[in-house]
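Undergrad: In order, the protein sequences belong to chains A and B.
In this text, residue positions in the first sequence follow our numbering: the first is 1, and each later residue adds one.
In this text, residue positions in the second sequence follow our numbering: the first is 1, and each later residue adds one.
Everything labelled a hint here was simulated from the structure, so no lab data went into it.
Remember, it's a predicted structure, so these values are computed and weren't measured experimentally.
Using N, Cα and C, we set each Cβ at its ideal position, and we do this for glycine too.
Below, in silico cross-link-like pairs of lysine-lysine (DSBU-like), each with a Cα-Cα straight-line distance of 35 Å or less: (1) A:Lys160 with B:Lys2; (2) A:Lys4 with B:Lys195; (3) A:Lys4 with B:Lys160; (4) B:Lys106 with B:Lys450; (5) A:Lys457 with B:Lys463; (6) A:Lys39 with B:Lys319; (7) B:Lys463 with A:Lys319.
Covered stretches of chain A (chain B as the covering partner; in silico rule of three or more C-beta atoms under 8 Å from a C-beta of chain B): (8) 204-214; (9) 234-246; (10) 250-262; (11) 287-293.
2 protein chains.
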Amino acid sequence: MKPKIIGVTELALRDAHQSLLATRMALEDMVEACEDIDKAGYWSVECWGGATFDACIRFLNEDPWVRLRTFRELMPNSRLQMLLRGQNLLGYRHYEDMVVDKFVEKSAENGMDVFRVFDALNDPRNLERAMKAVIKTGKHAQGTICYTISPVHTVEGYLKLAGRLIDMGAHSIAIKDMAAILRPQPAHDIICAIKETYGEDIQINVHCHSTTGVTMATLFSAIQAGADVVDTAISSMSLGPGHNPTGSLFHMLEGTGYHAELDMVRLGRVRDHFAKIRPRYAEFESPTLVESGIFRSQIPGGMLSNMESQLRMQGAADKRAEVMAEVPIVKADAGHPPLVTPTSQIVGSQAVFNVLFGRYEKMTAEFADLVLGYYGRTHGEVNPEVAKIAEEQTGKKPIHDRPADHLEPEWDQLVTEAHALEGNDGTDEDVLTYAMFPAVATEFFKTRAKGPINVGKSAAQVKAEEEARLTGETTPTAPITYNVRMGGRTLAVKVERA
Amino acid sequence: MKPKIIGVTELALRDAHQSLLATRMALEDMVEACEDIDKAGYWSVECWGGATFDACIRFLNEDPWVRLRTFRELMPNSRLQMLLRGQNLLGYRHYEDMVVDKFVEKSAENGMDVFRVFDALNDPRNLERAMKAVIKTGKHAQGTICYTISPVHTVEGYLKLAGRLIDMGAHSIAIKDMAAILRPQPAHDIICAIKETYGEDIQINVHCHSTTGVTMATLFSAIQAGADVVDTAISSMSLGPGHNPTGSLFHMLEGTGYHAELDMVRLGRVRDHFAKIRPRYAEFESPTLVESGIFRSQIPGGMLSNMESQLRMQGAADKRAEVMAEVPIVKADAGHPPLVTPTSQIVGSQAVFNVLFGRYEKMTAEFADLVLGYYGRTHGEVNPEVAKIAEEQTGKKPIHDRPADHLEPEWDQLVTEAHALEGNDGTDEDVLTYAMFPAVATEFFKTRAKGPINVGKSAAQVKAEEEARLTGETTPTAPITYNVRMGGRTLAVKVERA
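Given these sequences and hints, build the entire structure.
TA: Printed below as a string of structure tokens:
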């Protein structure tokens with residue numbers, strides 16, 4: 001029997017360095033690998049999303065639209081894929097529908113092929129407009145189920161959401177496991193349910209992180225259950241809070257009734273390229289190797305490091321355990337939203353506030369909006385007492401309809417504001433950049449002409465550090481007293497780095 | 001339906017630090033974790049073997065028998081497990097039968113419960129005596145199949161070997177995948193075949209390394225096929241060239257018909273303990289994260305680093321690729337032995353010699369012995385031309401019977417030699433230590449009284465290095481010129497570490 005071909009989405013250019021290197025990788029460090037990635041036989045190449053867009057203009061002085069066009073040029077044979085946060089697009093608020101349309105249209109025009117559209121709350125009303133916009137461009141609209149574990153999340157619930165996405169015209173369904181908590185059995189159950197209910201032809205893509213050390217088995221189980229495409233990252237950009245390795249997936253399937261049609265010689269070159277690049281960004285590396293405690297704490301890796309840095313800034317690093325215990329409570333009060341951008345930040349910050357100031361004594365504006373419905377509808381019920389506190393503290397009323405329906409048209413205003421900025425080039429792309437991240441974009445436009453900044457270390461620095469590591473020498477951070485001979489005299493001289 | 005309980009063997013105390021930290025971990029750094037390991041619910045605790053024994057006396061000035069007795073005392077509820085190289089015991093040659101008996105007897109007496117007995121060639125004649133000796137002590141005799149991939153290795157061949165092990169009275173069968181090349185499908189096929197042929201009650205243990213990134217799925221598939229016990233390492237001592245994480249295995253099984261009865265609170269403490277300890281041995285860490293190229297090269301991680309160091313010593317580090325290409329040829333000529341101690345070293349060294357001096361121009365004594373049958377019978381046929389060269393170069397004749405049958409009784413001679421050594425304490429244990437590693441033991445006996453040496457860094461050193469890493473400062477290895485102000489004058493002073 002001919003094996004079923006399993007498609008693979010390569011994550012090296014987006015989620016891998018987002019998860020492993022704080023999204024800092026410069027386009028310059030990716031270009032060399034593009035030809036091999038383009039010709040290796042991937043189903044798609046993920047290369048764009050909210051964090052990469054943000055990091056481009058915040059840290060790298062790099063125009064994210066140029067990055068996209070460069071990928072388009074360097075990978076003419078590939079489906080380029082992006083992650084789109086539904087009505088939030090790449091930003092942290094809802095946008096009025098026309099902005100959604102414009103963003104999708106311009107992304108498609110600049111080269112995007114596959115739009116993975118998700119909403120942190122799994123609220124279909126937050127996905128509809130973006131899905132419609134993608135379909136209108138003729139590109140691939142992938143509707144997403146954000147996976148979480150809670151008392152209110154069931155296989156039936158996910159199945160129902162899949163149905164809504166199919167009704168919207170989704171060309172495929174993604175199961176997104178950002179916290180690496182999708183176990184083999186539920187993966188199997190959800191995928192079987194979708195295929196049985198909506199037909200074998202429904203394409204299912206599975207995106208798992210590797211943080212818990214479980215999900216290589218999840219991919220295996222998902223494929224056996226009928227998953228069509230899985231997401232992996234080239235081995236030298238894999239594991240830890242990232243993803244399972246592409247080459248390992250290929251080998252895992254050998255001898256089974258499944259096969260990933262990848263060119264392993266090209267994959268070897270891609271691996272070698274990033275093995276050379278990754279050490280340049282060592283300072284941004286997460287120390288996480290594997291963390292199965294996430295099953296209990298429900299806290300994805302990125303969220304944890306955010307909370308830790310908030311606590312440190314408040315001089316309350318010792319409250320880590322309390323905050324970790326508070327998260328599940330806050331999550332439950334908010335109606336059990338999956339923890340993914342932006343809910344992970346919103347729930348995490350509120351947990352920090354609860355520990356520092358007393359439970360709900362001080363609500364963040366975002367958390368109040370969440371429990372009042374301004375982000376959409378959570379799958380579980382919001383704790384009514386907490387919603388009441390939010391009303392009292394903010395003076396806002398809860399809403400129950402589609403949040404974006406409360407927005408006034410804003411495109412013309414955004415155009416006016418963007419065009420007034422120093423360094424703005426007058427394109428719709430620049431208006432969209434401004435719309436996504438107004439403050440950061442304002443600074444970026446001013447400095448853009450200076451060209452990209454590579455925040456990685458140079459090859460020479462990496463080599464020197466590696467040598468220092470091998471010789472076991474450590475850095476003198478404190479003053480050092482040297483005996484210095486000058487003109488026959490020996491002096492004890494205390495020196496310190498200026 | 002009640003889930004099937006899956007037993008777990010914890011590898012942290014033996015194979016994990018052998019694979020990750022060059023076997024350097026001191027007993028001192030393990031004792032604190034023992035109570036939690038003992039009470040966590042493991043099927044067994046692997047804690048002793050050839051490399052740990054060797055490292056104890058070679059690097060740590062630690063008596064391996066004292067280590068074993070300490071484990072026995074600290075873990076009264078656990079099955080202690082060791083890895084025994086059949087007729088080789090823990091050494092690199094065959095021992096006469098009485099030495100085998102003595103070694104097993106003394107190991108059992110000092111506290112060992114489970115003996116995983118293997119032979120690098122899978123030659124049952126090299127396993128028989130050790131298995132018999134274990135059974136005589138009333139302890140658990142685990143017969144081992146070393147897994148490899150070759151044109152002559154088939155499910156039927158492994159099944160036949162399992163039958164031989166069962167005939168020897170094996171209490172369980174281990175499938176040992178030292179190179180992390182056991183894929184889910186063959187794992188499934190071999191286990192199903194054994195269970196179908198010899199009965200559901202045959203206990204099967206599965207030992208996989210994680211080097212290729214594939215084997216978490218292999219464990220999943222193995223369990224579904226009927227495996228009863230699997231080997232894992234606590235998460236903070238897992239992955240890379242090591243093993244899959246214990247906590248991840250636990251979570252992976254949730255919702256399936258299988259369950260690992262482990263106390264996750266105790267596991268959390270064991271994890272935290274080794275997370276604290278591991279950085280002390282950073283200089284011994286392997287840089288390997290994941291390496292699926294092993295499927296092509298057939299070279300396990302440890303073997304690769306050995307070959308690289310041999311090449312460096314010969315000033316031929318640039319020949320790495322040629323040697324990697326030579327290994328499969330040498331392996332085939334030797335009759336496709338699985339690559340595991342000692343065959344991995346023997347095949348690896350010969351590949352290096354072939355590249356440096358011309359193919360088989362210069363044969364190592366060990367490789368000549370291998371192709372002439374002195375290590376036992378390989379599963380595939382030895383290349384007769386290569387065997388002929390070995391005969392010519394060494395003047396030795398090939399043998400076809402059990403290698404140990406060519407040995408004279410040697411116990412009394414070993415006793416005499418050992419007792420004559422400075423610092424020998426007159427026990428049979430010391431005779432065995434000498435028998436295993438004569439040269440190293442001779443030195444060790446002299447220095448033993450000084451007590452163990454911990455080769456890990458101190459907690460303070462680890463902290464200083466971590467801080468240096470976080471501040472991104474690098475070590476000045478070259479001279480640095482400082483501007484130094486002394487008494488109002490500024491001098492340019494060039495300083496250099498003395």
